[in-house]
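Working from the sequences, and respecting the hints, build out all of it.
Letter by letter, the chains look like this.
Protein chains: 6
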Amino acid sequence: MKIYMDEMTSKEFGEWVADDKVIIFPIGAVEEHGSHLPLATDSIQPIELAEQVAKRTGAVIIPPLKYGNCASTANFPGTISIRPETLKAIVVDILRELARHGVKNVLIISGHAGRTHIAAIKNAAGDVVATANIKVMALSDYDIVYKFRGMDEFPKDDGHAGMIETSRIMAIRPDLVKEERKGDIPNFPPFMVLRDASRYFPTGAMGYPERAIEDIGKRLNNFLVEEFVKLVEILKGVEE
Amino acid sequence: MKIYMDEMTSKEFGEWVADDKVIIFPIGAVEEHGSHLPLATDSIQPIELAEQVAKRTGAVIIPPLKYGNCASTANFPGTISIRPETLKAIVVDILRELARHGVKNVLIISGHAGRTHIAAIKNAAGDVVATANIKVMALSDYDIVYKFRGMDEFPKDDGHAGMIETSRIMAIRPDLVKEERKGDIPNFPPFMVLRDASRYFPTGAMGYPERAIEDIGKRLNNFLVEEFVKLVEILKGVEE
Amino acid sequence: MKIYMDEMTSKEFGEWVADDKVIIFPIGAVEEHGSHLPLATDSIQPIELAEQVAKRTGAVIIPPLKYGNCASTANFPGTISIRPETLKAIVVDILRELARHGVKNVLIISGHAGRTHIAAIKNAAGDVVATANIKVMALSDYDIVYKFRGMDEFPKDDGHAGMIETSRIMAIRPDLVKEERKGDIPNFPPFMVLRDASRYFPTGAMGYPERAIEDIGKRLNNFLVEEFVKLVEILKGVEE
Amino acid sequence: MKIYMDEMTSKEFGEWVADDKVIIFPIGAVEEHGSHLPLATDSIQPIELAEQVAKRTGAVIIPPLKYGNCASTANFPGTISIRPETLKAIVVDILRELARHGVKNVLIISGHAGRTHIAAIKNAAGDVVATANIKVMALSDYDIVYKFRGMDEFPKDDGHAGMIETSRIMAIRPDLVKEERKGDIPNFPPFMVLRDASRYFPTGAMGYPERAIEDIGKRLNNFLVEEFVKLVEILKGVEE
Amino acid sequence: MKIYMDEMTSKEFGEWVADDKVIIFPIGAVEEHGSHLPLATDSIQPIELAEQVAKRTGAVIIPPLKYGNCASTANFPGTISIRPETLKAIVVDILRELARHGVKNVLIISGHAGRTHIAAIKNAAGDVVATANIKVMALSDYDIVYKFRGMDEFPKDDGHAGMIETSRIMAIRPDLVKEERKGDIPNFPPFMVLRDASRYFPTGAMGYPERAIEDIGKRLNNFLVEEFVKLVEILKGVEE
Amino acid sequence: MKIYMDEMTSKEFGEWVADDKVIIFPIGAVEEHGSHLPLATDSIQPIELAEQVAKRTGAVIIPPLKYGNCASTANFPGTISIRPETLKAIVVDILRELARHGVKNVLIISGHAGRTHIAAIKNAAGDVVATANIKVMALSDYDIVYKFRGMDEFPKDDGHAGMIETSRIMAIRPDLVKEERKGDIPNFPPFMVLRDASRYFPTGAMGYPERAIEDIGKRLNNFLVEEFVKLVEILKGVEE
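Residue numbers (numbering that gives the first Met the number 0), protein chains in the order written: chain E, 0 to 239; chain D, 0 to 239; chain S, 0 to 239; chain G, 0 to 239; chain Z, 0 to 239; chain U, 0 to 239.
Because the hints were derived from the structure by calculation, they are not lab data. Using N, Cα and C, we set each Cβ at its ideal position, and we do this for glycine too. Certain hints may be false.
What the hints assert, rightly or not - 27 Å max Cα-Cα, derived BS3-like pairs, lysine-lysine:
(1) S:Lys-155 to G:Lys-20
(2) S:Lys-10 to S:Lys-54
(3) E:Lys-20 to U:Lys-177
(4) G:Lys-177 to Z:Lys-155
(5) E:Lys-229 to D:Lys-217
(6) U:Lys-217 to U:Lys-54
(7) S:Lys-10 to D:Lys-177
(8) Z:Lys-229 to U:Lys-217
(9) S:Lys-181 to S:Lys-235
(10) Z:Lys-177 to G:Lys-54
(11) U:Lys-146 to Z:Lys-155
(12) E:Lys-177 to U:Lys-235
(13) D:Lys-54 to S:Lys-177
(14) E:Lys-181 to U:Lys-10
(15) G:Lys-155 to S:Lys-229
(16) U:Lys-181 to E:Lys-1
(17) Z:Lys-54 to G:Lys-177
(18) G:Lys-177 to Z:Lys-177
(19) D:Lys-155 to E:Lys-155
(20) G:Lys-54 to G:Lys-20
(21) S:Lys-20 to D:Lys-177
(22) U:Lys-235 to U:Lys-54
(23) Z:Lys-181 to G:Lys-181
(24) S:Lys-1 to D:Lys-177
(25) S:Lys-177 to D:Lys-20
(26) U:Lys-10 to E:Lys-177
What the hints assert, rightly or not - Which stretches of chain S does chain D cover? Using the computed rule of at least three CB atoms under 8 Å from a CB of chain D, they are:
(27) 9-23
(28) 58-67
What follows is the structure in C-alpha cells.
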C-alpha cells in the first residue's frame, strides 16, 4: 500500500478515494533553527509524523509543501519566508482540488507553528469548508508537544530549536544535528510587532538545545504518532 | 486635553505629534455575545480601556474600527464579520498614514481575540513596520485578562461572553446586560476548521456568565488599565 | 428603542430584523477641515443626521466607519486616507453580512463627498446588489445641502470647511469650532489629477467659513433630517 | 506629421518625445445608446475630438481604449462593461509606461462619463502621478458640453443618447444614426444603487434625441475642439 | 452588413446575436519593431486579417485591444507593455460580457505572440469557458505563418520585425515602412529570464527585414485569410 | 557536501552562499499521466535531474515545489492544479527571499511543461529580476528532450506520458510504472481553449507509451544531465 498519493496512478487514486479516506497534508518550512539544526527542521518533523500516521491509519500523504511564513527568523541566513497571502492561496487551491476529486477528510500537519503561518492555513481551510463538501483538521505538532513544557524534564521556556525540537530531530535525522548547541531565553518586549525579532535571540534558538537527548525525541515522536492516530479517527467521525 | 485625535483640528494635530507621543487604535467587532450581552461587547471594552489609558498617559485615540473578523459566531444573528484580507488592508492603510504624519508609537487594542482576526492585525502591522519608521504594539485585552482563568474565582473554562466578559460589561454598560444568562462548555472537536462552530455552543456563550459580578468587572477593568499604562511606557521605550 | 444596532443582543437583532426594517450606515473620515474645524467633521455630521433620522423613522444605525478616502487634503496634518480599494472591500463585506442576516434596506450616509470616495462606496454597493437580495441607497449629505449654494445667503463657491460646513458643525459640536476662521477660493487648474492639491488652498478650507452662523447650521441640519426621513420612505418603497 | 503615436517607429517616437510634448489618450466604451446611436458612440466622439486637437496642437494620440465601465446600461444588448478595477489597472499600466519613456503631459479624454468609470480613471492617474514624474489631465468631453444644458436650445434634462449626443454623432458619423429616435425622461429613485437601471429608461436614451440636428452637433464639436486646445496649453503650463 | 460590432445599435446587435454567430476579437500591441516598422505593427496585422475574415465569414469584430504585454522589447523607446494580470483581467471581462449577451463563438487573434502575452489571453479564456456557455479559439497569426520558416525563401531564423513581418506590413501599410532596414540574429543565452533582452538585438529586429518584399507579404496575408476562414468554421463546429 | 539546501544549518548556508554559487529549484506537479505512470511523474524527473546536476556542479537544491498548474488533465482523477496566480506568487516569494540572502544564480527546472504553468514561472522570475540582483534561468527538461521527437526511434507525435516520458520514469522509478500502457494520438481542435481537454485523449496519455524502454530512458536522462551541467555554466557566466 502506498502512503504517498502521488506515487499512485490516476486510476489507482480514483479507485482509492472514498468518503472514509483521509488525506494528510504536511506543511514545512525553510527556516533557521539555531546553529545546530537544519533549515528543514520544520519539514522533517511533520513529514516523519505523517508517514508514521499514514502507516498506522491507511491515510495517504499528498506532497508536502516545504515552504511557510516565517516572520521572526527572517533575518537569519537561509530562512525562506513566503507571504501569508501566498500560503493561503496554495492551501486553498490544493484543498479545492481535493474536494473536487471527492476527498472528504484532510489532516494538515504544520511543522512550523508561527501565528501568522497557522492563521493563513486555517483561514484558507475556513474559506474552502464554507463552500465545499470537505472536512479539514489543521494543527501543528507543536500544539500538542508543547503541552509538556513545564512538566517533568521539559523546561517551561523551551522553544524554537530548543530541547524538545532538538531531541525530536536527533531521533529522526541525527546526522543533521550539530554537537555544539546554544540557546537564548529571549526577552521580547511584550506584544510588540517586531521589525527584527532576531535581535532578541542571537543564537537563533530559544530554550535549552544543549539538554536535548535522542531518546526523549523518540518518546515525543512516538507520543505524537499515537495522538495523531486518534485525531485521524476524530476527523473521520466528525459530522459536518 | 483631548483624548480623541479626530476632535483636534489639523493644526492641533500637527503641533501635538512628536516622537514620544502615542496613538491608541481600538479595534472592536459587531459580534454575537450570548443572549445577554450586546453585539458591541468587543467594542465597548477596548474603547473604555483606551479612554482610561489615554487619560492616564496622554496618549491619543484614533477613531475605533468597530468591525472585525468573527469566524466562530458568524451563524448567530447580528454578527458582521469582515474578511481578514479587508481587516489587514484597513489596518495597513491607517498605520501607513500615521507613519506618514510622523507618529512613532501605536498601541492597537483589539476587543476581539479570534485567531484569524488577531493574525490579520499583526500581519498588517508587520508589513508596515518593515518599511515605515513606526513602532506597533498589538494585543487583545483578553491576552492579559484570560491569564486569570483557573485562578481564584475564575473558572478555567470561562470564555466568550462568559463570567469574565460579562462582569466587565456590567462594570461599563450595565444597562446593556440582560438578567437571564446562560453559557455552554463547548466540546469542539479538536483542531477542526469548523463550517459552523455555533452548533457546539447553542447559547452563544462559553463558560459561566451567570456567575458574573459587576464588582469583579470593575476590578478586572482597573487591573487592565494599570497593565496597559505600563505597556504604553514599554512601547515608548522600545528601540527599533 | 435602541438606535444603535450593536447595542442589541444577537437575539434582539434577530427579532428586530424584517423586510421593512432599515439599516443606516454612516461613513465618516479623519480629514483636515481648515484650521477651525476638527478632523472628525465628516464623521460628526452624518452620525448626528443618522441619529435624528433613526429616531424619526425607527431605522437602526450600524457602527459608523470613521475612515474614508481623502485625496485632496492628504498633505495636511492629520488626514488619514484609506485606499479606495480598502473602502470598497469593507463596504462590500458589511453589506454582504447585512444581506446574509436578512436586512433588505440600507441607507449609507457619507459625510465625506470626495469623488473617488463616493465611487468606491457606490461601486461596492453595486457589486452587492447585483447578487444579494438587498437594496442600497447611498449618498452624501452634501449631495443635498450643496444645492443651496448660490441661493440666499449661501455663496456659490463655498465648499470644504466653508460657511455651510462650519455652520453645521457649530450647530452640533460648537465646542470643537475655533474662532479664527479663514478660507481660500482655490483656483485649481481644470481637470488636473493633482499630486498635491493642498498647494491651491493653503488654509485648508474652501469658501467662507468666517460667515458661518450656528443658526444657519441648525436650519440646514433640520432640513437634512426632513429630507432623509423622506429618503428612508423612498428606500423602503422602491421595488427591485 | 503623424497624429497617432503607434504609426511612428520606435526611433521616431524616441526622437519626438520631450518635456513639452503632449500625449492624448482617448477612452471610449461599447455601450448601448438608444435604438438610434451605435454602440461606439462614446468612442467616436473622443477619438474625433482627439484627432482635431492633435492636429491643432501637435499632440500625439496613443491607441484609444474602446472599453469602459458602464453600469446603468449593462442590461441592454451590446453593452460590454469592464470592471472598474480592470479599467484602473490598464490606465495605471499605460501611464506608467508613458512616464518611463519620458512623457510629461497626458490628456485623457473619456467619451463615457459614468461616475464609477471616471473615478477609476482619475484614481489610476492619481496613483501614477503620486510616484512618477508625469502630469495627467483627465475629463469627459461631457464635463464641458453638458454645461450647455438648460441654455438656449438645449433642454435641461437632456442626457445619455439625447439631443446633444445625437447631434454630435450626426456631425461625425451620420451614416450610423437611425432616423427613428426616442428618449425617456427617467425618473430614477434618488440615490439608489440600482440593480437594473434600464427599467427606468426603456428606450435606452435620456432626453430628446428627436430634436437632434447635425448642425448643432458640428457647432458643439467645434466648440469642444477650441476648449480642448486651451486645456492642452493649461496642461503644458501647470507646474507640479 | 457591418463588420464592426460597435457600429451596430444595441437593437441591431440584439437581433444579430445567435448561436451560430462568431465574434472576432483582435488584440494588438504598442511595441518597438525595429527602426523600420511602426509601433502598431502587431495591431495592424490582426486587424487587417480580422476585417478580411469578417467579410468572408459574416463574423463581426469587437473593438481591438491595441495594448499587450511586451517583455523583451520593453527597453526600446515606445513600447507600452501592460502587465499580464491586466491583460488577463480585460480579456476575462470582455469574454464574460459577450457570454452574458449570448455570444457562443469567439475568435481571438493576437498580433503579438510573446509567451507571457499569449498565456495571459489563453488563461483568461480558460477561466471564462470553465463557467460560461461560450467557446473561445485563441491564437496569434504568427502561430500559423511562422510555420513557413525554413521553407522556400523564408529563413529559419527570421523573427520579430524580420522578413516575414516586414513583408506583411508592406502589403498592408507600405506608407509606414522605412527604406533602411536592419536586423540581428540574436544570440540569447538559453532559457534565461532576461532583465533587458534588448542588449541582444540592438537593431530591435530579429532576422532579415532587408529581404522583405511586398508581394510575399500579400501572399502570406492571403494565406492567413484562408486559414482563418477555415478556423472560423472549426470554431463554429466544435461541440463543447 | 550536501546537495539539499535545507539540510544545511543557517550558519552553513550563510557560509556557503557566494556570487558564484548556484541554486536549483525543481518544480513538479501532481498530475495524471496515463494509467501507467504515477501522479508524481513531473516531480520525479526534475528532482532526479536536479540531484545529478547538483552532484556534478556543486549547485544546491532548494525544496522542490511539487504542485503546478495543470489545465488539460484537470478532469482526470488525482490531478491537483494550482492557479497560475498562486504559482506565480510562490515563485516570486521564493526568488525574492533567495535574492535577499545573496543568491545570484537560480536554475528553475520544471518537470511540467504546460504553457500557462511555464508562463507563470517565467513571469514570476521576470518580475523579480527586474528589481533584484539575481539571475534566473527557467526551463522544462522537456524543452530539451522533446527536440528528439521525429528523430531516430522517437515518434514525432509522442507526448504527455508517452514513449519518452515513460522511458525516463522507467529509468528512475521502475517500481512505479505499470505494465499495461496505452496512449492516444489526440486530435485537438486547433487553438481551442478547451473546457475539458480530456475528451480528446481518454487514455490520459499522448503518444506511444507501449514503446517505452528503460534503457532509452537512461540515455535521455544522462543526456539531460550533460545538457544541464552546461546550462549551469552558462547561467554562472551570463552578465546581467
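Evaluated hints:
1. S:Lys-155 to G:Lys-20: violated, 36 Å
2. S:Lys-10 to S:Lys-54: holds, 21 Å
3. E:Lys-20 to U:Lys-177: Measuring from Cα to Cα gives roughly 24 Å; hence the hint holds.
4. G:Lys-177 to Z:Lys-155: Given pair Lys-177 of chain G, Lys-155 of chain Z is violated - Cα atoms ~53 Å apart, limit 27 Å.
5. E:Lys-229 to D:Lys-217: violated, 43 Å
6. U:Lys-217 to U:Lys-54: Holds: Lys-217 of chain U and Lys-54 of chain U sit about 17 Å apart, inside 27 Å.
7. S:Lys-10 to D:Lys-177: holds, 11 Å
8. Z:Lys-229 to U:Lys-217: Measuring from Cα to Cα gives roughly 43 Å; hence the hint is violated.
9. S:Lys-181 to S:Lys-235: violated, 42 Å
10. Z:Lys-177 to G:Lys-54: Judged against 27 Å, a Cα distance of about 23 Å means the pair holds.
11. U:Lys-146 to Z:Lys-155: holds, 16 Å
12. E:Lys-177 to U:Lys-235: violated, 32 Å
13. D:Lys-54 to S:Lys-177: Since the Cα atoms of Lys-54 of chain D and Lys-177 of chain S sit roughly 23 Å apart, the hinted pair holds (cutoff 27 Å).
14. E:Lys-181 to U:Lys-10: holds, 13 Å
15. G:Lys-155 to S:Lys-229: holds, 25 Å
16. U:Lys-181 to E:Lys-1: holds, 23 Å
17. Z:Lys-54 to G:Lys-177: holds, 23 Å
18. G:Lys-177 to Z:Lys-177: violated, 43 Å
19. D:Lys-155 to E:Lys-155: holds, 20 Å
20. G:Lys-54 to G:Lys-20: holds, 13 Å
21. S:Lys-20 to D:Lys-177: holds, 24 Å
22. U:Lys-235 to U:Lys-54: OK: Lys-235 of chain U and Lys-54 of chain U at ~16 Å, within 27 Å.
23. Z:Lys-181 to G:Lys-181: violated, 58 Å
24. S:Lys-1 to D:Lys-177: holds, 14 Å
25. S:Lys-177 to D:Lys-20: The given pair, whose Cα atoms are some 24 Å apart, holds under the 27 Å limit.
26. U:Lys-10 to E:Lys-177: This hinted pair holds, its Cα atoms lying about 11 Å apart.
27. 9-23: holds (count 5)
28. 58-67: holds (count 6)
Taken one by one, the earlier hints fail for this structure at numbers 1, 4, 5, 8, 9, 12, 18, 23, listed in ascending order.
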